[in-house]
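Engineer: Here the protein sequences line up with chains A and B, keeping their order.
Residues 130 to 615, numbered by our numbering, are exactly what the first sequence covers, in order.
Residues 3 to 382, numbered by our numbering, are exactly what the second sequence covers, in order.
Note that these hints are calculated values from the structure, not bench results.
Keep in mind the model is a prediction, meaning the values are calculated, not measured.
With a straight-line Cα cutoff of 30 Å, these simulated DSBU-like cross-link-like pairs (lysine-lysine) come out:
no. : chain 1 : residue 1 : chain 2 : residue 2
1   : B       : K377      : A       : K471
2   : A       : K437      : B       : K377
3   : A       : K401      : B       : K357
4   : A       : K566      : B       : K377
5   : A       : K439      : A       : K468
6   : A       : K439      : B       : K357
7   : B       : K357      : A       : K465
8   : B       : K357      : A       : K582
9   : B       : K224      : B       : K260
10  : B       : K56       : B       : K267
11  : B       : K62       : B       : K267
12  : B       : K357      : A       : K471
13  : B       : K377      : A       : K439
14  : A       : K465      : B       : K377
15  : A       : K468      : B       : K377
16  : A       : K437      : A       : K492
17  : B       : K357      : A       : K468
18  : A       : K145      : A       : K582
19  : A       : K348      : A       : K401
20  : A       : K566      : B       : K357
21  : B       : K377      : A       : K582
22  : A       : K348      : A       : K603
23  : B       : K286      : B       : K230
24  : B       : K267      : B       : K224
25  : A       : K471      : A       : K507
26  : A       : K496      : B       : K377
27  : A       : K348      : A       : K610
Read off the chains here:
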Amino acid sequence: MLGWEFPPFLTGGLGKASYGLAKALSQHADLTLVVPKSDKTYFNENWRVIGLNELASENPDLASLKLSETKPTIRYVEADLDPYLVEDLLKKYPKQALEAFFNSLMPHLSPIQSHPSASNTIQEIKLEQSPIFTPEATPEVTVEQQETELEINIPIFTPEQTSIINSDPEVYGANLLTKIAAYTETVRQLSTEIPFDVIHAHDWMTFPAALQIKQETNKPVVLHIHSLETDRQGSSIVVPEDNLAYRIEQAAMEHADAVISVSEYTRDQLEKHYDIAPETVTPIHNALEPLKANPLPSEQSYATKGIKDKLVVWVGRVTHQKGPAFLLDTAARLTKVAKNVKFVIAGTGDLLPWLIEESAKRKLSDKFLFTGFLAPEKVTALLSQADVFFMPSESEPFGLAAMEAAQFGIPCVISSQSGVAEVLQSALKADYWDTNKLANYLYALLHYEGLRKELIAQSQTELTSITWEQSAQKVLAVYGKILPQE
Amino acid sequence: MTSICFSFQVHQPTLLSDYDFFQIGHTHAYFDHSDNQNREGFIIDERCNSYNKKFIDIIKQSQGHFKASFSISGTALDQLTDYHHNLQHSFKQMVETGCVEMLCQPYYHSLSYLYSTKEFQRQVILHREAIQEKFQVSPKIFRNTETVYGNDIARTVEEMGFLGILSDGTDSLLMGRSANHIYLPLGTRRIRALLKNQSLSADLAVNFFNSTWVNYPLTPVKFVEWIKKQAKNGDSTINLFLDYSIFSQPSFLPFLEKLVLEVLKNKELDFKTPSEVLDTYPVKGTYDVPYSASWAEVGKDLPGWMENYLQREAIERIYRLEDAIKAQGDEELLLSWSNLQTADHFYRMSNQEPKRYDAYINYMNILTDLEQQVKNSASD
Numbered sequence: 130m131l132g133w134e135f136p137p138f139l140t141g142g143l144g145k146a147s148y149g150l151a152k153a154l155s156q157h158a159d160l161t162l163v164v165p166k167s168d169k170t171y172f173n174e175n176w177r178v179i180g181l182n183e184l185a186s187e188n189p190d191l192a193s194l195k196l197s198e199t200k201p202t203i204r205y206v207e208a209d210l211d212p213y214l215v216e217d218l219l220k221k222y223p224k225q226a227l228e229a230f231f232n233s234l235m236p237h238l239s240p241i242q243s244h245p246s247a248s249n250t251i252q253e254i255k256l257e258q259s260p261i262f263t264p265e266a267t268p269e270v271t272v273e274q275q276e277t278e279l280e281i282n283i284p285i286f287t288p289e290q291t292s293i294i295n296s297d298p299e300v301y302g303a304n305l306l307t308k309i310a311a312y313t314e315t316v317r318q319l320s321t322e323i324p325f326d327v328i329h330a331h332d333w334m335t336f337p338a339a340l341q342i343k344q345e346t347n348k349p350v351v352l353h354i355h356s357l358e359t360d361r362q363g364s365s366i367v368v369p370e371d372n373l374a375y376r377i378e379q380a381a382m383e384h385a386d387a388v389i390s391v392s393e394y395t396r397d398q399l400e401k402h403y404d405i406a407p408e409t410v411t412p413i414h415n416a417l418e419p420l421k422a423n424p425l426p427s428e429q430s431y432a433t434k435g436i437k438d439k440l441v442v443w444v445g446r447v448t449h450q451k452g453p454a455f456l457l458d459t460a461a462r463l464t465k466v467a468k469n470v471k472f473v474i475a476g477t478g479d480l481l482p483w484l485i486e487e488s489a490k491r492k493l494s495d496k497f498l499f500t501g502f503l504a505p506e507k508v509t510a511l512l513s514q515a516d517v518f519f520m521p522s523e524s525e526p527f528g529l530a531a532m533e534a535a536q537f538g539i540p541c542v543i544s545s546q547s548g549v550a551e552v553l554q555s556a557l558k559a560d561y562w563d564t565n566k567l568a569n570y571l572y573a574l575l576h577y578e579g580l581r582k583e584l585i586a587q588s589q590t591e592l593t594s595i596t597w598e599q600s601a602q603k604v605l606a607v608y609g610k611i612l613p614q615e
Numbered sequence: 003m004t005s006i007c008f009s010f011q012v013h014q015p016t017l018l019s020d021y022d023f024f025q026i027g028h029t030h031a032y033f034d035h036s037d038n039q040n041r042e043g044f045i046i047d048e049r050c051n052s053y054n055k056k057f058i059d060i061i062k063q064s065q066g067h068f069k070a071s072f073s074i075s076g077t078a079l080d081q082l083t084d085y086h087h088n089l090q091h092s093f094k095q096m097v098e099t100g101c102v103e104m105l106c107q108p109y110y111h112s113l114s115y116l117y118s119t120k121e122f123q124r125q126v127i128l129h130r131e132a133i134q135e136k137f138q139v140s141p142k143i144f145r146n147t148e149t150v151y152g153n154d155i156a157r158t159v160e161e162m163g164f165l166g167i168l169s170d171g172t173d174s175l176l177m178g179r180s181a182n183h184i185y186l187p188l189g190t191r192r193i194r195a196l197l198k199n200q201s202l203s204a205d206l207a208v209n210f211f212n213s214t215w216v217n218y219p220l221t222p223v224k225f226v227e228w229i230k231k232q233a234k235n236g237d238s239t240i241n242l243f244l245d246y247s248i249f250s251q252p253s254f255l256p257f258l259e260k261l262v263l264e265v266l267k268n269k270e271l272d273f274k275t276p277s278e279v280l281d282t283y284p285v286k287g288t289y290d291v292p293y294s295a296s297w298a299e300v301g302k303d304l305p306g307w308m309e310n311y312l313q314r315e316a317i318e319r320i321y322r323l324e325d326a327i328k329a330q331g332d333e334e335l336l337l338s339w340s341n342l343q344t345a346d347h348f349y350r351m352s353n354q355e356p357k358r359y360d361a362y363i364n365y366m367n368i369l370t371d372l373e374q375q376v377k378n379s380a381s382d
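For reference, chain A alone in the conformation it holds in the complex:
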C-alpha cells in the first residue's frame, strides 16, 4: 500500500483515512504501507509501515531494512504547508521539464485527448516516453518551447539523493514534485525487496509509483481517490492540459485495475471531470475509530467555556475548496438576526488573510475568532465548547472532520457537495451556495433544543455502524475481483 500523509504527521483527512483503513485491512491481509514520513516510535502495529524518512536516517541501503522496534512519542506538523499548490510549482519549474520528468516516471502519462475541454496545444509537445528519461530525449520538444530558457534539470536519483530528499520534514511544500519523484524511485526499489500481490495507492502523489511498479511486476493496481485536483483547485479553474496533478490522476485511472472513491460524490466528480465511467469506480466511505472515552461534552466542559456567545466552529484548511466566501456570507446573514453567535475558524490556508480582511471589511470582525492551526488535542478542546460544526465546502470528497465532530456530539451543518453527507444522516445539508438555507440551519440549531438533541442522539446511533472494518471488507472485495483466480 502506498500512502502519502500518515500519522502522526497530519494535515488533513488523508492520513487519518489511510491509517484507519490500513489498520482494519491488516487484520485480513499481509500489509506493507510505504509513506514519505512516518515515526515508527508512534506506532506499535503488527503491520509494516515504512517511512522513507526513517529509511533515510537509518541507512539508505535498502537491504538492511528493519521494520518494527518502537517507542511512542507524538509529533504534529503545522497544517499551513499547503499540499495542493501545484500551480505555484508549475511556475517554478518549466512545464516541459516536469512533463518530461513525469513521463520518465510514468510512461503511461500520455497527452489527454479524450477530455472534451482539452485543447490541442498539448499535442504539440511530443515527449519521448522512455522509462528512464535522459536529457537526450528532449529534442522532440518543439523549438518554440525550447526558447523559453529550458534549463532542464532532470533528477535521476542516487540513493544518497533520495535519502536527502526523503529526510525533508515536510511531506508537501515547495519541492513536492521532487519528493514525489524520490518517493517513486524509492518505492520502485522497495518493491523488489518486499513480496506483494496488490498495489493500493492513495491519491495522486503515489500514483506514479503505483504505475511504475505495476509496469515492472505486472501486479494489479488499485487507486484510492481521497481528493481530486478538481476539488482542490475548483473544477472551473483546472485546465486539464496545464495541470500535472490532474493529468497524473486521469492517466493513472485509465491504467488502473480498480478505482476506489471515498464517496459517491467523488465517483460523480470522476465522471463529470475525468470521463471515468461510474460503473468502474467503487465508492467506499471512510469511517472512524471508536472514541476511547465518553465523547459527549459534559456540563463541566461547558462551564469552562470562556465565551458567553454560541460558537459555530469551522475546522480545516482555509482554502477555496472549503468555501470561505460562503462561510462569510452565511455569517453575515445569521448574525444580522442572531446577535449572540461567534464563528471560530480553526485552521490556516492561503485564503485565511483574505477571510480576515474581508470579515473586517464587512464589519463582521467581532463575529469571528481565528485560532490558527490547532493540534488535534486543541481541536478536541474546541469541539467540547462548540455548539455547531459548520462545513460549507464547495467540493468535499469526504469530509472526515464533520464525522469527527458528530462523534464528539456536535451537530453539523454541511454542504450537500460532500461525501460525508451520504453517510451522516444526522447532519443538516444544503447546497454550499444556498447561504440563506445554511444560515437558517445554523439559526435553528442554536435556538431549537429539540433539533439539537435529535441530531446528537441520531449521530451517536448511526456512527456506531460506520466502521473501518466494513470499509476494509469492501476493499477486500475489490482486491478479490482483480487478483488472478487460483
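With chain A held as given, fit chain B onto it using these hints.
Structural biologist: Same frame as chain A, now just chain B:
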C-alpha cells in the same frame, strides 16, 4: 347477522408557508392559503366531486342498503367552505341520502387531548357545531385524531354526550378477543367502543394497491369470503376505517361498487352506520386502554406523531402558549395557534420523513414568531 361498517376520514391540514428565520418578528404569514395545487400526494379539490357523485350512485344503486360514515376535519371543512362549495354540497347530498353518518372529531385534527383536556373539549364542541351548521345533523359518534384512544378519552367524550367512540383495536389490549364486537370502555357507562378490523382495513388501504401481494388483484368475491369467514364466529361488525384519499385511486370506487352488490347477495351480511351498529348489537365486554392522556408525561411514544425530540419539543411548546393566548382573546392569534396544532405538522417531523429537520425548523420559526406576538400583545 354481521354488519360491515365503513368509516372514511377526510382531512387536510392548513398548510404552513415556507417561513425562514429572517421573517421572525417581521411577517406573520404562517399559512399557505394558496390552493395547495403543488402539494404532493392527495389533496381535496374539485376532482373529489366525481368521487362523491360515484359514491352517492353506489348508495342509490343499493337502494339505501349501502351505508357508511365520514369524519371531516375542521381544517378540511374550512377549505370546503372557502374554496370548494360544490364539494361541500356533495357531502351534504350524501348525508341527505340517510345512509351516511357524520362523525365528530377535534376541529383542528389535533393531539390536544394529550396536552390539554380544556383545549380538546373546545375543539370537539367547535367541530360538533360546525357539522350541525353545515349538514344539519348532530354527530353522536366520536373519532379522535389518528384514532388516539384511551379509557379517559372515552370518559371525556361520554361526558360530552357522545354514544360511541372509534378505536384502533390494538390486538394486545383485546387479549385474544375479536375486534368485531362492541365493547364498553373501562370506567364508562353509556358510551360504546367500535374497534377497527386491522387486517381487513389494511387489505383495502395498503395491500389492495400492491401488485406483489399474493391476493392481488383483490376481487369483491374474495373479500366477501374473508368477511364471511370472520362472520361465521358470530361476530357483530366488521369495522373498516379508511382514509378518504383512497377514493382518488382509480380502482377503488369500481371495486366498492361491486363489493356492495356482492355483500348484498348474502342474507347474513349488511352495511350499517356506526350508530346503527350500536343500536343493533349487544356489548361483548369491557375494553381497557389505561393510558393516553399520560403519554406525554411519561414520555411514551405515539409512533408517527410523538417519537422523537423534534416532535416532543414542538408540540410541548405549542401547548405552553394556551393560557396566554386564551387570556388575550385575540381571535387572529387563537386561530393561528389552533391551526398550528394539527397533527400533520408533527407527522412531518417523524423519523421516516426525509425532510423532518426542515419541517421542524420551519414550524419552530413560525412558533417563535407566534410566541413573540403573544408576548408583545400581552405587554401592550
